[in-house]
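Colleague: Sequence:
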Amino acid sequence: MTNFHIRYGTEVAAALRDGRPVVALESTIVSHGLPRPDNLLVARQIEQAVRDAGAVPATIGMVGGELVVGLDDAQLTRLATVDGVSKLSVRDLAVAAATGADGATTVAATSAVAAAAGIGVFATGGLGGVHREAAQTFDESADLVTLARTPIAVVCAGVKSILDVGATLERLETLGVGVVGYRTRRFPGFYLTDAGFDLDWSVDSPEQVADVLAARDAQAVHHGGLIVANPLPVDEQLDPALHDRTLTEGLALLARDGVTGKAVTPFLLAHFHAATEGASLAVNVRIILRNADLAARIAVASAARRTDAVA
1 MTNFHIRYGT EVAAALRDGR PVVALESTIV SHGLPRPDNL LVARQIEQAV
51 RDAGAVPATI GMVGGELVVG LDDAQLTRLA TVDGVSKLSV RDLAVAAATG
101 ADGATTVAAT SAVAAAAGIG VFATGGLGGV HREAAQTFDE SADLVTLART
151 PIAVVCAGVK SILDVGATLE RLETLGVGVV GYRTRRFPGF YLTDAGFDLD
201 WSVDSPEQVA DVLAARDAQA VHHGGLIVAN PLPVDEQLDP ALHDRTLTEG
251 LALLARDGVT GKAVTPFLLA HFHAATEGAS LAVNVRIILR NADLAARIAV
301 ASAARRTDAV A
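Under UniProt numbering, read the sequence shown as residues 1 to 311, first letter to last.
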């Protein structure tokens, strides 16, 4: 393979050309974040949620070394069902392409590729962040530094509660990444509605998020990302007592088995799924579907704003 340019799915290419709303979606949740066979079913549901809210889904991934913005169903099925799919951050993209790999893009890689493709809104479940014990291990997700230099809005349910949430918020502030709560002044913790930390800013509608993005672009001062933290309703979160007990058990298993690096998050998510007898999976699915819907409505509002500006 010698042509390493990004390839666009037919529908996504047409939408970008016509200025229609597009939402980027990651593929790591398909290959590494959800168990089979639920992963493929949920991936299709996520795309449908974007469509139902009026936008075009652009799931990003790598198939046989080809970086694709807007995977078709056959490509999505491949990444959901074959073994050996690599987990690709930004630094891995060129090597994976040159070696002909199948790869699923992380939040960092999806954000970077989406921004390069001219897509301004991205829906995911939860961000990566600063890991527990990072003072000793220096283990911090590339999501954070990537968002510091990538002008994209990421709709998420905060950061995964298995991380050091407070330290992650401090790093986001240091890196200059904007954080707003969607109809809340409290930062969500993925499975949990409230991770225990206040936010300085909140927004109340997709149109207000679109205004924030328009202001950033017009000012041309801040070139980093915007995190739109969209918490689950209290009655849809994982039971907090069950969450805390499961997390404590999972952290003990991590230490016992010596799991580190990229393997930590999928290990803990799998433990949550098993220990909660599927309750965490149901919450995870609710999170990503809600975020896909909100991201699509933000993309629609942004597209309408651009149309009005031209008119």
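Rather than coming from a laboratory, the hints here were simulated on the basis of the structure.
All C-beta atoms in this analysis are idealised placements derived from N, C-alpha and C, irrespective of residue type, glycine included.
One should not assume that every hint holds.
Claimed, not checked - Calculated pairs, SDA-like style, for lysine to any residue (alpha carbon to alpha carbon, straight line, at most 25 Å): (1) K87 with R256; (2) K87 with T77; (3) K87 with T260; (4) K87 with D18; (5) K87 with N3; (6) K87 with R171; (7) K87 with A274; (8) K87 with G224; (9) K87 with R36; (10) K87 with L289; (11) K87 with R183; (12) K87 with F4; (13) K87 with R132; (14) K87 with A98; (15) K87 with F138; (16) K87 with A117; (17) K87 with P240; (18) K87 with Q208.
Claimed, not checked - Across the chosen pairs, the derived CB separations fall in these ranges: (19) A116 with L175: 41 to 47 Å; (20) W201 with V95: 20 to 26 Å; (21) N3 with W201: 39 to 45 Å; (22) E207 with D83: 30 to 36 Å; (23) G100 with W201: 31 to 37 Å.
Colleague: Could you check the hint for me, namely that W201 and V95 are 20 to 26 Å apart, CB to CB?
Modeller: Violated, at about 38 Å.
Colleague: Can the restraint linking K87 and R256 be considered satisfied, given a maximum Cα separation of 25 Å?
Modeller: 24 Å, holds
Colleague: Hey, K87 versus A274, does the alpha-carbon distance stay inside 25 Å?
Modeller: Within the cut-off at roughly 22 Å; holds.
Colleague: For a C-alpha distance cap of 25 Å, please report whether K87 and T77 respect it.
Modeller: 16 Å, holds
Colleague: Tell me if the straight-line CA distance from K87 to L289 falls inside 25 Å.
Modeller: Measuring from Cα to Cα gives roughly 22 Å; hence the hint holds.
Colleague: Given the hinted pair K87 and A98, is their alpha-carbon gap at most 25 Å?
Modeller: Distance ~15 Å between K87 and A98 Cα, so the pair holds.
Colleague: Taking the Cβ atom of A116 and the Cβ atom of L175, is their distance within the range 41 to 47 Å?
Modeller: 20 Å, violated
Colleague: Is K87 close enough to R183, meaning Cα to Cα at most 25 Å?
Modeller: Violated - the C-alpha atoms of R183 and K87 are around 33 Å apart, more than 25 Å.
Colleague: Would the hint linking K87 and A117 be met if the CA-CA limit is 25 Å?
Modeller: 20 Å, holds
Colleague: Hinted pair, alpha-carbon criterion (25 Å max): K87, G224. Please report holds or violated.
Modeller: Holds: K87 and G224 sit about 24 Å apart, inside 25 Å.
Colleague: Holds or violated: K87 and Q208, Cα atoms, limit 25 Å.
Modeller: 34 Å, violated
Colleague: Regarding the pair K87 and F4, is the alpha-carbon distance no greater than 25 Å?
Modeller: Distance of about 18 Å is within 25 Å: holds.
Violation of the numbered hints given earlier is confined to hints 4, 11, 17, 18, 19, 20, 22 and 23; the remaining hints are satisfied by the structure.
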